[in-house]
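A.B. asks: Last residue of the sequence shown: 406 (the working numbering), numbering continuous.
These are computed hints drawn from the structure, not numbers from a lab. The structure displayed is predicted, hence computed values, not measured ones. It is possible that some hints are incorrect.
[To be verified] Here are the computed distance ranges between Cβ atoms for each label pair:
#, residue 1, residue 2, range
1, LYS398, LYS284, 40 to 50 Å
2, GLN201, ASP352, 18 to 28 Å
3, MET362, GLN201, 40 to 50 Å
4, MET147, ASP352, 23 to 33 Å
5, ASP352, THR130, 16 to 26 Å
6, PRO96, GLN176, 25 to 35 Å
7, GLY324, ASN358, 31 to 41 Å
8, GLU356, VAL241, 31 to 41 Å
9, GLN176, LYS204, 16 to 26 Å
10, SER259, VAL102, 35 to 45 Å
11, PRO235, GLY296, 29 to 39 Å
[Unchecked claim] Calculated lysine-lysine pairs in the DSSO-like style (CA-CA distance at most 27 Å, straight line):
#, residue 1, residue 2
12, LYS396, LYS109
13, LYS398, LYS388
14, LYS109, LYS263
15, LYS107, LYS148
16, LYS150, LYS396
17, LYS109, LYS388
18, LYS367, LYS388
For every residue, glycine included, the Cβ atom is placed at its ideal position computed from N, Cα and C.
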Amino acid sequence: MQSSACGTGHRVLLVALIVLFIEGMRNSHQQLLAIIQENDKTSSKFSTTTGCSQAKVRGYHREYMSTSIASSFLLNCQTVPTSDSPVFVETKTKPMFHMSVHDPLNDAVSREISTNGCFECFHLEKMQQHLMKYKDQDPYFVDIGGNIGMWSLTALATHPQVETFTFEPNIENYQKICDSIHRMYQDDKEGKDGKEITNFSFPEIYDRFHLFSIAATVIPEKFTLVVPEGNKGGTQVNTVQDQSSDSKDTIHGYPIDMIHLPIVNEENKVRPVLLKIDVEGHELAALLGTLNYLYDANIVFAMMELRPGLLKQDVYAWTKIFHVFQYNHGLMPYRVDYDDEGNFLTMLDIHKMDEWTHFKHPRVLYFDVIWMKEEFVVEEKEKNDTTNDSN
């Protein structure tokens, strides 16, 4: 049994980070650094490769449904109204599935999926490889900023026992996800009935997909959504000034720590977690509201979209979050780069964030970082080198 000090250090740090973030104390770096250093002295004695709290048991994976917040915003796709005249695209993922998209003329992500059969295809392959690597350990996928479901649906299709926990507040987006879930259910049923479609297998798809209509953030808060023209995937949250008011355009934000996502399975074994976070500039607030979970869970893979300008504004907060990924979970950050030959990975140093800058898009300064164990990258490189030599 681990000492209770395991939780004390990082929870003190969590409160400090959140308070400094909320109050906008951008110049209080020395205060925060002192707290971080003290926390590191306390928690380093207890950290393991799977986080500080393997001995903690929060209950089997349905416990999150017992919290009022989770139950209030947990949607069942079987009761979500379908979108008008859904348009489906056959993905080029393996296995493929039918995916509901927005009008490609009016949405950049849908346009790329319609054209290429996937979005962030290189990233998805890495996620799928990790799902299969841990498939015998009951892994699950957490999708913060689900958009129309490219990542969540791919995870569900990759292995018949994988669960996903998807956070998406925009009804136009999560209706598309549910359209796809309905179609996957129908394709699976027709395959089992021996009808024309026989190459689809998505068992228990409704039970494996968990959809929350909230925005991930640092404290309970109300927002409106700002949807840029031609890119619903670029939707951002805007804090409502009068938090006591409510309207049809209001969406709710909560820390994911208040949802109590599963840590162990029914056999009391720690479950591997794959994580994706893409919330258009709100990543720091979302991660701060997820910090306890990040410590407790067994994170084996993570992908996040980051912005150099926002990294520079809160270096100490970002550094501590990145410490959790690297030192608690043994994951290294790799920026996804590309050239004329395709995508490749560049290892980053969490202590040199000023060198992370990368222009992925000509108008928006952002880039994608995948967190993986270094040995996985080495293994993949050796496989590719062997394949190239044999060819």
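A.B. asks: For each hint, tell me whether it holds in the structure or not.
C.D. replies: Right, here's what the structure says about each hint:
| no. | hint | result |
| --- | --- | --- |
| 1 | LYS398 with LYS284: 40 to 50 Å | 29 Å, violated |
| 2 | GLN201 with ASP352: 18 to 28 Å | 39 Å, violated |
| 3 | MET362 with GLN201: 40 to 50 Å | 43 Å, holds |
| 4 | MET147 with ASP352: 23 to 33 Å | 25 Å, holds |
| 5 | ASP352 with THR130: 16 to 26 Å | 22 Å, holds |
| 6 | PRO96 with GLN176: 25 to 35 Å | 29 Å, holds |
| 7 | GLY324 with ASN358: 31 to 41 Å | 24 Å, violated |
| 8 | GLU356 with VAL241: 31 to 41 Å | 37 Å, holds |
| 9 | GLN176 with LYS204: 16 to 26 Å | 18 Å, holds |
| 10 | SER259 with VAL102: 35 to 45 Å | 40 Å, holds |
| 11 | PRO235 with GLY296: 29 to 39 Å | 20 Å, violated |
| 12 | LYS396 with LYS109 | 21 Å, holds |
| 13 | LYS398 with LYS388 | 16 Å, holds |
| 14 | LYS109 with LYS263 | 39 Å, violated |
| 15 | LYS107 with LYS148 | 21 Å, holds |
| 16 | LYS150 with LYS396 | 22 Å, holds |
| 17 | LYS109 with LYS388 | 23 Å, holds |
| 18 | LYS367 with LYS388 | 19 Å, holds |
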